[in-house]
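*Asks:* In case you want the letters, here they are:
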Amino acid sequence: MSIPASWFLVVGALLFGIGAYGVLTRRSALIMFMCIELMLNAVNLTFVTYAHALRDIGGQAAVFFVLVVAAAEVTVGLGIVVSVFRRRNSTSVDELSEMKG
Amino acid sequence: MASAALLIVLAPLVGFVVMLIMGRQVKEPTAGWIATTAVAVAFVASVVTFFALISRSQHEVTVNLFGWLDVGTLHVNAALLVDPLSMTMCLFVTGISALIHLYSIGYMHGERDFNKFFIYLNLFVFSMLVLVLANNLLLTFVGWEGVGVCSYWLVSYYFDKDSAASAGKKAFIYNRIGDVGLLIAMFLIFRTTGSLNYVAVFHHTGLFTSSVATITVLALLLAATGKSAQIPLFNWLPDAMEGPTPVSALIHAATMVTAGVYLLVRMSPVLALSSSGRMSIAVVGGVTAFVAATIATSQRDIKKVLAFSTVSQIGYMVMAVGAGAYAAAIFLMVCHAFYKALLFLGSGSVIHSLSGEQDIHLMGGLKKYLPLTFPTFLIGWLTISGVPPFAGFWSKADVLGSVYGFSKFLWVLGLITAVLTAYYMSRLFVVTFRGTERFREVTKGHDPHESPWIMTAPLVVLAALAVLGGVLDLPWIHHDSIAGFISGSVQPVAGVASISTSAQWVLAAVDLVAAVVGIAAAFTIWRQTSPWPSRYESSFLERVWLWDDAYDAVIGRPAEHAAAFTGEVIEPRVIDGAVIAVATSVRRSAEGTRKVQSGLLRQYALAIVMGMAVLVVYLLTRSW
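Those sequence lines, one after another, are chains B and Y.
Per this note's numbering, residue 384 is the first one in the first sequence, and the count goes up by one each step.
Per this note's numbering, residue 26 is the first one in the second sequence, and the count goes up by one each step.
Rather than coming from a laboratory, the hints here were simulated on the basis of the structure.
Heads up, the beta-carbon is just placed ideally off N, CA and C, and yes, glycines get one too.
Some hints could be false.
As the list claims (entries may be wrong) - Once the Cα atoms are required to be at most 20 Å apart in a straight line, the calculated DMTMM-like pairs of lysine to aspartate or glutamate come out as:
id : chain 1 : residue 1 : chain 2 : residue 2
1  : Y       : LYS620    : B       : GLU481
2  : Y       : LYS194    : Y       : GLU170
3  : Y       : LYS620    : B       : GLU478
4  : B       : LYS483    : Y       : GLU616
5  : Y       : LYS620    : B       : ASP477
6  : Y       : LYS194    : Y       : ASP577
7  : Y       : LYS393    : Y       : GLU475
Stated by the list, open to error - Incomplete in silico selection of chain Y near chain B, CB under 8 Å:
id : residue
8  : LEU94
9  : LYS194
10 : SER559
11 : GLN622
12 : GLY624
13 : ALA630
14 : MET635
15 : VAL639
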């Protein structure tokens with residue numbers, strides 16, 4: 384028996400909500416990154432679900448793009464986090480507010 | 026023939042370019058000789074082209090050089106139109122230019138910018154020849170502007186003198202006002218006929234409606250008043266006397282200032298379309314001739330007398346054009362070039378001998394010190410006064426005879442002008458060369474010295490031309506003379522009454538009487554110069570009928586007030602005010618919005634999430 388598509392969509396929405404909550408509440412840049420990854424993958428899951436349900440390869444193709452962009456984003460982002468940590472011994476984003484207006 | 030015609034234009038251009046490249050490497054007299062040679066070559070080429078032209082059956086040859094403009098329906102070639110009119114102009118322009126170049130070598134001796142002077146002079150001759158030889162209005166306009174800018178440079182030649190610098194500006198600006206007229210005429214002609222080529226335009230004169238023709242003629246008249254110093258744009262010419270005297274002789278007497286007359290004669294088929302336009306031309310010319318002659322009677326500066334005399338004589342030419350007597354206008358133009366160049370160069374020789382003094386009150390008795398300048402000036406004086414058998418008599422009689430058949434009023438005005446001309450020239454002559462010596466203070470007791478041969482030789486040649494110039498068009502050889510020669514280039518005006526030969530003789534006799542009256546009056550009044558007969562000089566006339574003051578009051582001062590108003594009120598309040606208001610409002614709003622940028626990453630993330638939530642809600646509600 385196959386699992387209905389709506390279940391996958393619910394899981395995706397839950398994952399996305401958890402990720403968004405994490406981005407909004409956690410201070411550590413590293414954790415925030417992980418939450419963002421969670422959100423991205425929630426979207427990926429939704430894409431794949433629809434691709435399967437609608438028999439449309441486009442959704443799977445979009446997932447590849449998201450994966451590639453996420454990998455690039457993590458590379459750059461972690462590089463920034465590492466250099467920020469070296470300078471300040473902390474990755475708390477609340478302390479990074481020198482650019483405020 | 027084509028190559029000879031090309032050489033006329035190219036020779037001065039080559040001279041100009043060579044001197045420009047060599048710069049200060051050429052030492053003083055060499056630059057002058059290069060320039061003189063270039064112009065002399067142009068003169069020889071003109072003579073060759075002239076003989077080639079008269080040996081042909083067809084008297085209108087176009088020499089194509091290159092395609093110049095090709096935009097839409099506008100096709101303009103750089104081409105030379107060799108016809109009787111342009112050749113007549115070329116011959117006297119190059120001939121007199123060559124003589125004046127030669128004279129300048131002596132006159133400009135020791136000047137700081139000797140080379141520069143000859144560079145400008147050659148460029149001027151080139152521009153003038155382009156103006157004259159162009160086969161279309163646009164190329165003529167190039168020459169027209171070229172001579173204008175050379176005139177500006179040469180008037181302001183002593184640019185470290187304030188008066189010279191502003192005189193140059195004045196000349197340039199007055200000319201620009203006239204140029205607007207030429208531009209408007211070009212626009213109208215192109216719109217009507219679809220071409221700027223003279224020959225093509227003249228084939229399509231039937232396309233002109235009478236109102237467009239009149240406006241075109243009036244626009245051409247405006248152009249001519251600017252370049253040829255006619256009312257209302259005549260008062261730049263006397264100021265232009267700030268330039269060196271050879272410049273006054275070449276540009277402001279013999280050649281450039283006659284360009285307006287040339288333009289009108291060249292456009293004769295268009296002029297033929299509008300009788301009211303021609304009437305305006307004749308009236309402007311006649312009134313200018315009279316007004317300038319009255320002003321010349323009271324000037325103290327030897328060159329200013331000659332300047333107003335030039336304005337007056339060109340007035341005669343314009344009047345002749347208006348009367349439809351194109352050949353008479355050109356005849357007077359050529360003769361005037363001879364005797365006015367002679368008089369200017371003679372005055373230059375006088376000024377040279379008195380170390381730069383130009384005030385005739387400080388001259389007198391120069392007859393015995395200037396053995397060559399005196400007799401040549403004498404000839405110039407008799408010629409312009411209209412004494413037979415010199416050139417001035419014949420040309421003036423030709424003009425006045427034609428005007429007599431056109432309008433009796435203008436003829437009377439011309440005759441009064443003739444009396445005044447004889448009077449002011451005799452006054453100038455008597456006060457300068459005869460009477461008591463009043464120059465000792467200027468020369469610090471020394472005797473004035475005659476100029477070197479290089480300056481007197483052109484005087485002698487020009488004097489000979491002034492004597493013999495009349496044979497170009499004696500009344501009884503009218504058809505074998507300049508009049509018959511030019512008739513191929515101009516379109517005669519229908520309906521102008523030609524006067525009988527006997528009437529011509531009577532009119533000539535009247536002219537002679539006018540000349541004698543003027544001369545006699547001057548000799549009676551000015552024989553005695555101590556005390557100075559100052560009641561015969563009017564300050565109203567000396568100040569040019571208050572013409573400059575009127576322009577100052579009507580245009581200058583209101584413009585100054587307007588400028589002050591915009592400078593003190595509009596600029597700080599309106600313009601600066603607007604700028605400052607914009608800057609302030611930007612700063613104020615920026616102060617509010619910068620608080621949004623808190624620098625807290627999670628706040629930004631919250632904003633994104635909220636935005637997304639709004640979007641989702643919007644999309645959901647829309648789909649229902």
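*Asks:* Holds or violated: B/LYS483 with Y/GLU616, Cα cutoff 20 Å?
*Replies:* OK: B/LYS483 and Y/GLU616 at ~13 Å, within 20 Å.
*Asks:* For the hint on Y/GLY624, does the least C-beta distance to chain B fall short of 8 Å?
*Replies:* Holds. Min distance 3 Å.
*Asks:* Within 20 Å, alpha carbon to alpha carbon, are Y/LYS393 and Y/GLU475?
*Replies:* Holds, because 10 Å separates the two Cα atoms, which is no more than 20 Å.
*Asks:* Taking the closest Cβ pair, is Y/MET635 under 8 Å from chain B?
*Replies:* Hint violated; Y/MET635 Cβ to chain B Cβ min 10 Å, cut 8 Å.
*Asks:* When the nearest CB of chain B is found for Y/LEU94, is that gap smaller than 8 Å?
*Replies:* Violated. Min distance 57 Å.
*Asks:* For the pair supplied as a hint, Y/LYS620 and B/GLU478, is the alpha-carbon distance within the 20 Å limit?
*Replies:* 17 Å, holds
*Asks:* The hint names Y/GLN622 as touching chain B; please verify it with the least Cβ-Cβ distance against 8 Å.
*Replies:* It holds, given that the least Cβ distance between Y/GLN622 and chain B is near 3 Å, below 8 Å.
*Asks:* Can you confirm whether the C-alpha distance between Y/LYS194 and Y/ASP577 stays at or below 20 Å?
*Replies:* 15 Å, holds
*Asks:* Would you check the hint for Y/LYS194 and Y/GLU170, treating anything up to 20 Å between C-alpha atoms as holding?
*Replies:* Measuring from Cα to Cα gives roughly 14 Å; hence the hint holds.
*Asks:* Any CB of chain B closer than 8 Å to the CB of Y/VAL639?
*Replies:* It is violated, given that the least Cβ distance between Y/VAL639 and chain B is near 14 Å, above 8 Å.
*Asks:* So, as I understand it, the hint says Y/SER559 touches chain B; can you test that by seeing if any CB pair is closer than 8 Å?
*Replies:* 83 Å, violated
*Asks:* Let me know if the C-beta of Y/LYS194 comes in closer than 8 Å to any C-beta of chain B, holds or violated.
*Replies:* Violated, because the Cβ-Cβ distance from Y/LYS194 to chain B comes to roughly 55 Å (cut-off 8 Å).
Comparing the model with each numbered hint stated earlier shows that hints 8, 9, 10, 14 and 15 do not hold.
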